[in-house]
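Novice: Given next are the chains, with one letter for each unit.
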Amino acid sequence: MIRRRAGRTAVVAVLLAAGALLVTSALRDTLTYYRTPGEVLGDPDGARERVRLGGDVVPGSLRRDGDLVVFRLAEGGHEITVEQRGVPPETFREGEGAVIEGTLSADGRFRSDRVLVRHGNEYRPSTSPAEPPDAR
Amino acid sequence: MGARTVDLVADTARAAAGRRTMAWLAGGLAAAATVAGGWLAPPDEVQGQAQRLMYLHVPAAWVAYAAFAVVLAASGAYLVSGDLRWDRFARAGAEIGVSLTAVAIATGSLWGHLVWGTWWAWDPRLVSTALLLLAYTGYLALRRAVGERTDARDGGDHRVARRAAVVGVAGFILVPVVHFSVVWWRSLHQQATVLAPDRPPIDPRMGGALLLAVAAATLAAFCVLLHRVVRLERRLALDPSPAPERVPVRVG
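These protein sequence lines map, in sequence, to chains A and B. At position 9 of the first sequence (counting the first as 1) the number is 9 in this note's numbering, and the numbers step up by one without a gap. At position 146 of the second sequence (counting the first as 1) the number is 146 in this note's numbering, and the numbers step up by one without a gap.
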């Protein structure tokens with residue numbers, strides 16, 4: 001009886017391990033949810049197919065060009081210029097993080113059609129217009 | 001859980017009064033947290049009013065972790081002592097944990113829609129939380145399946161309790177995976193603030209509202225846990241089983 005139970009436990013353990021292996025390999029895309037600008041620039045062929053690119057929106061780089069939103073995304077000293085087609089979320093702004101989806105073109109620009117805002121873990125009160133903007 | 005807890009789960013008028021007092025306290029804390037989180041705390045600079053979802057999302061997630069810790073502790077205590085009362089605590093803990101994980105996913109999804117711009121992302125934190133929900137739903141399903149197959153009463157039978165306890169202990173491994181997923185892997189989800197080692201800044205009014213909400217949710221969940229255990233025992237007492245409550249368990 002004890003022996004049979006030990007055998008059953010072993011089978012369950014093997015099944016669990018196999019399941020974990022399957023899940024982790026299937027979730028490789030999840031475990032590397034986005035690539036950094038450095039990785040995409042280092043392996044441009046890898047980004048010819050649709051990938052996610054994450055970084056911070058470089059302050060001063062955001063502008064509108066027709067129906068395109070153009071900005072630069074930076075992380076770890078590397079930068080990529082992004083041409084986004086479509087309106088980003090309301091919370092999208094310079095200096096904040098973003099994860100975009102699209103492909104790297106031959107001209108080195110990243111053409112995306114989806115923006116997700118990646119905000120930090122710091123929480124500050126919004127400066128409401130009721131308060132005086134300047135203490136002078 | 002000490003002698004006081006054992007008192008509180010007794011099916012007596014005094015214990016019931018104690019549980020009622022605790023429920024009122026939880027209600028008061030919840031009211032205070034609603035006022036603090038809904039009005040006193042300012043909206044966030046980046047996220048605006050949507051950040052208030054934090055006062056639901058974070059307590060739900062944290063109390064879910066705590067409920068799964070109850071499952072772990074109670075399952076371990078059952079395996080060591082063979083006392084079926086611990087098995088009932090484990091079941092009640094899993095029920096609370098599963099419900100609150102679902103609440104955390106639902107509020108997180110709404111928060112993600114408002115701030116990230118998506119209801120769902122195949123991100124490590126989101127996927128691991130979904131796995132956690134699946135694992136403990138499976139735990140509850142296992143209890144029911146074993147109970148139905150062996151014609152045993154859930155919460156009053158060692159055949160159900162023994163298997164459930166092994167799964168209840170093993171399942172807890174997912175909790176640290178969920179919690180540290182945002183540190184171990186790249187994630188869309190922000191990292192912890194209150195429990196982060198370097199303590200990123202949070203406005204004290206926001207932090208206070210969050211702590212109140214976590215306290216209210218913890219106490220409320222504790223009340224539900226006691227209530228569930230008392231109800232389970234009452235149901236078992238109506239239909240007394242011939243099997244003894246305490247027998248030595250064989251593990252492995």
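Hint data in this document are derived by calculation from the structure and do not stem from the laboratory. Beta carbons are placed, not taken as given, at the ideal position from N, Cα and C, and that holds for glycine. Watch out, some of these pointers could steer you wrong.
[To be verified] Just a sample of chain A residues kept apart from chain B, beta carbon distances all over 10 angstroms, derived: (1) S61; (2) L116; (3) N121; (4) E122.
[As the list claims (entries may be wrong)] Derived Cβ-Cβ restraints for the label pairs, each shown as a range: (5) W184/B x G120/A: 46 to 52 angstroms; (6) R149/B x V14/A: 30 to 36 angstroms; (7) G120/A x W120/B: 19 to 25 angstroms; (8) L40/B x A20/A: 41 to 47 angstroms; (9) L131/B x R114/A: 40 to 46 angstroms.
Novice: Does each hint hold? Answer for all of them.
Specialist: Hints, verified against the model:
1. S61: At about 18 angstroms from chain B, S61/A clears the 10 angstroms cut-off, so the statement holds.
2. L116: The claim breaks: L116/A does not keep its Cβ more than 10 angstroms from every Cβ of chain B (closest is about 5 angstroms).
3. N121: 4 angstroms, violated
4. E122: 5 angstroms, violated
5. W184/B x G120/A: 46 to 52 angstroms: For G120/A against W184/B, whose Cβ atoms are near 18 angstroms apart, the range 46 to 52 angstroms is violated.
6. R149/B x V14/A: 30 to 36 angstroms: 23 angstroms, violated
7. G120/A x W120/B: 19 to 25 angstroms: 21 angstroms, holds
8. L40/B x A20/A: 41 to 47 angstroms: 45 angstroms, holds
9. L131/B x R114/A: 40 to 46 angstroms: 25 angstroms, violated
The structure does not agree with the numbered hints 2, 3, 4, 5, 6 and 9 stated previously, though it agrees with the rest.
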